[in-house]
Amino acid sequence: MPGKVVTVTSGKGGVGKTTATANIAAAMALKNQKVVCIDADIGLRNLDVVLGLENRIVYDLVDVIEGRCRLRQAMIRDKRLPELYLIPAAQTRDKSAVSPSDMVRLCNELKPEFDWVLIDSPAGIERGFRNAIAAADIIVVVTNPEVSAVRDADRIIGLIEAEEKGPAQLIINRIKPDMVKKGDMLSPDDVLELLAVELLGLIPEDETVITSTNRGVPVVIDGKSRAGRAFRNISQRLLGERVPFASIEESGGLFNQIGRIFRKGGG
Amino acid sequence: MLNTVTAKGIREGILFHLSDQNWETNLQALVRLVKDRQKFWRGAKVVLDTANVEVTSDQLLSLKDELSHYDLNLWAVLSENSLTQQAAQFLGLATRISRLEKDTMADFEPIYHQGEPAIFFNKTLRSGFRIEFDGNVIVYGDVNPGAEIIASGSVLVWGKLRGLVHAGALGNEAVVVCALDLQPTQLRIAEQIAITPKRHGKPQPETAFIRDGKVIAEIWNYKG
Ligand SMILES: Nc1ncnc2c1ncn2[C@@H]1O[C@H](COP(=O)(O)OP(=O)(O)OP(=O)(O)O)[C@@H](O)[C@H]1O
Ligand SMILES: [Mg+2]
Numbered sequence: 001m002p003g004k005v006v007t008v009t010s011g012k013g014g015v016g017k018t019t020a021t022a023n024i025a026a027a028m029a030l031k032n033q034k035v036v037c038i039d040a041d042i043g044l045r046n047l048d049v050v051l052g053l054e055n056r057i058v059y060d061l062v063d064v065i066e067g068r069c070r071l072r073q074a075m076i077r078d079k080r081l082p083e084l085y086l087i088p089a090a091q092t093r094d095k096s097a098v099s100p101s102d103m104v105r106l107c108n109e110l111k112p113e114f115d116w117v118l119i120d121s122p123a124g125i126e127r128g129f130r131n132a133i134a135a136a137d138i139i140v141v142v143t144n145p146e147v148s149a150v151r152d153a154d155r156i157i158g159l160i161e162a163e164e165k166g167p168a169q170l171i172i173n174r175i176k177p178d179m180v181k182k183g184d185m186l187s188p189d190d191v192l193e194l195l196a197v198e199l200l201g202l203i204p205e206d207e208t209v210i211t212s213t214n215r216g217v218p219v220v221i222d223g224k225s226r227a228g229r230a231f232r233n234i235s236q237r238l239l240g241e242r243v244p245f246a247s248i249e250e251s252g253g254l255f256n257q258i259g260r261i262f263r264k265g266g267g
Numbered sequence: 001m002l003n004t005v006t007a008k009g010i011r012e013g014i015l016f017h018l019s020d021q022n023w024e025t026n027l028q029a030l031v032r033l034v035k036d037r038q039k040f041w042r043g044a045k046v047v048l049d050t051a052n053v054e055v056t057s058d059q060l061l062s063l064k065d066e067l068s069h070y071d072l073n074l075w076a077v078l079s080e081n082s083l084t085q086q087a088a089q090f091l092g093l094a095t096r097i098s099r100l101e102k103d104t105m106a107d108f109e110p111i112y113h114q115g116e117p118a119i120f121f122n123k124t125l126r127s128g129f130r131i132e133f134d135g136n137v138i139v140y141g142d143v144n145p146g147a148e149i150i151a152s153g154s155v156l157v158w159g160k161l162r163g164l165v166h167a168g169a170l171g172n173e174a175v176v177v178c179a180l181d182l183q184p185t186q187l188r189i190a191e192q193i194a195i196t197p198k199r200h201g202k203p204q205p206e207t208a209f210i211r212d213g214k215v216i217a218e219i220w221n222y223k224g
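Chains A and B, in that order, are what the protein sequence lines are.
Here our numbering is used: the first sequence runs in plain steps of one and ends on residue 267.
Here our numbering is used: the second sequence runs in plain steps of one and ends on residue 224.
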């Protein structure tokens, strides 16, 4: 069976696309899936940093597309997770170096060999966004529980629907249960009520994300991290397993709300 | 004289098609159209399709200025004429628009009720979506914050209305806006502008209209 292309996108910048891509990829590789990540954030690459592979880059995505190297040569293998590969973005070029049809061709070449092709998108709704979603089988929209991020997610979901690439699936990242409880932060329920899409995962705010990013070790490798567990749940859901949303929350603060979402989303 | 310019609503604003008559004739027709529709189109982005008409950059620039008086922003020029294309590029205007932006409202065929046109959306209108329609607009879904509906007639939302709605946009005050949950970011009826107060308690279907020059919202009640 050919692999699936999953594009991680957002609208608003800085909400956790790169973090999500790296961690979902690593979690899948831990489950013995063969995974390749493509950093489509050309000019602002950083998936390599989050995955701790920066110092091994020789060729990049634009080199492959412009024929300066073979596809294999641009694929960096993660030594800790041998089934995980990265095709890094070019740092010194801009988005116009890649077209949507380039991405489709590239993914078609990768799909027979991999179980999953994960694409990290740049922020925004311009060309880079179109490149990133061109080949997608599944589009994952990341948002934070903040009004502005949710507004942009809504916009992106509308564009995805207009391109007939939907339905999108949603990750809500950086949830602070105690703030939600006090009514100081949008609850997952509030976000879902507005966006009306299928929920893929809820990630708590977690310092281990920052420390692991700095060390270049995806947080899913850390068995104790709460965010890591949430990302592992996401990868399991993508693999078709039913993982209840309530299980990410040990403090109980979000339990009621999440229980309701679970019935609504059904997945 | 015949109206030589046609306009249609596209996802990102308005698309004007020029006829193959000369520039002056086209320009006059366009300005007349814009004057008529000033309130309706206010703030919209404009795409100009000049077909084969040759247009200089000076002409485009003066059109851009003219349109800006009506709060319209010329941002793209589509042309089969290479000189016109160059002129547009020289002014930093786009000369291509994506499939998405071209996506017209034509997929939404108007329906007619007692001779009045209405457009029907069987989906949620999301942030960034904008529709201008000369008639009534019916939405079977939500209207999210950041979405805009501008209609010369009434607007009915079978869902939550949280975006911006301008009903009676050409000046008709005898129109209504109703929704199962009426919480628009801003509501305009004809010349009146209203902001929704924060709701307390359970949402109820409401209908808004003008009475004594003010926007009033009442429980949606067929008996009344
Ligand atoms: N769940 C989390 N808890 C704590 N910090 C987080 C979490 N998720 C992301 N971050 C931090 O937020 C910052 C932005 O994350 P990231 O780079 O993944 O966002 P992005 O959407 O890829 O940004 P860009 O749009 O710039 O590409 C990073 O410093 C990251 O460590
Ligand atoms: Mg990023």
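Watch out, some of these pointers could steer you wrong.
[To be verified] Derived BS3-like pairs (lysine-lysine); straight-line CA-CA distance at most 30 Å:
| hint | chain 1 | residue 1 | chain 2 | residue 2 |
| --- | --- | --- | --- | --- |
| 1 | B | K64 | B | K198 |
| 2 | A | K165 | B | K202 |
| 3 | B | K64 | B | K123 |
| 4 | B | K35 | A | K181 |
| 5 | A | K4 | B | K123 |
| 6 | A | K224 | A | K79 |
| 7 | B | K123 | A | K165 |
| 8 | A | K31 | B | K202 |
| 9 | A | K4 | A | K182 |
| 10 | B | K198 | A | K176 |
| 11 | A | K181 | A | K224 |
| 12 | A | K12 | B | K123 |
| 13 | A | K182 | B | K202 |
| 14 | A | K31 | A | K176 |
| 15 | B | K45 | A | K181 |
| 16 | A | K111 | A | K182 |
| 17 | A | K12 | B | K214 |
| 18 | A | K176 | B | K39 |
| 19 | B | K39 | A | K165 |
| 20 | B | K202 | B | K214 |
| 21 | A | K182 | B | K64 |
To be clear, the hints were calculated from the coordinates, so they are not data collected in a lab.
Worksheet item: Would the pair K31/A and K176/A pass a check requiring their Cα atoms to be no farther apart than 30 Å?
Response: 28 Å, holds
Worksheet entry | 30 Å limit on alpha-carbon distance, applied to hinted pair K198/B and K176/A | Measuring from Cα to Cα gives roughly 25 Å; hence the hint holds.
Worksheet entry | Pairwise hint evaluation, K79/A against K224/A, where the allowed Cα distance is 30 Å at most | 22 Å, holds
Fill in: Straight-line alpha-carbon gap K12/A to K123/B, limit 30 Å
24 Å, holds
Worksheet item: Straight-line Cα separation of K35/B and K181/A no greater than 30 Å?
Response: 52 Å, violated
Discussion item. Would the hint linking K111/A and K182/A be met if the CA-CA limit is 30 Å?
Written reply: 46 Å, violated
Worksheet entry | Pair hint outcome, K176/A versus K39/B [Cα-Cα no greater than 30 Å] | 44 Å, violated
Worksheet entry | Distance restraint between K4/A and K182/A, which requires alpha-carbon spacing of 30 Å or less | Judged against 30 Å, a Cα distance of about 40 Å means the pair is violated.
Fill in: Holds or violated: K182/A to K64/B, with C-alpha atoms at most 30 Å apart
Violated - the C-alpha atoms of K64/B and K182/A are around 51 Å apart, more than 30 Å.
Worksheet item: Given the hint that K12/A pairs with K214/B, does the C-alpha gap stay at or below 30 Å?
Response: 38 Å, violated
Worksheet entry | Hinted pair K64/B and K123/B, Cα distance within 30 Å | 35 Å, violated
Discussion item. Just to be careful, I want the Cα atoms of K31/A and K202/B compared with a cutoff of 30 Å; is the pair within it?
Written reply: Status violated; Cα separation ~46 Å.
The structure fails to meet hints 1, 2, 3, 4, 8, 9, 15, 16, 17, 18, 19 and 21 from the earlier list, while all remaining hints are met.
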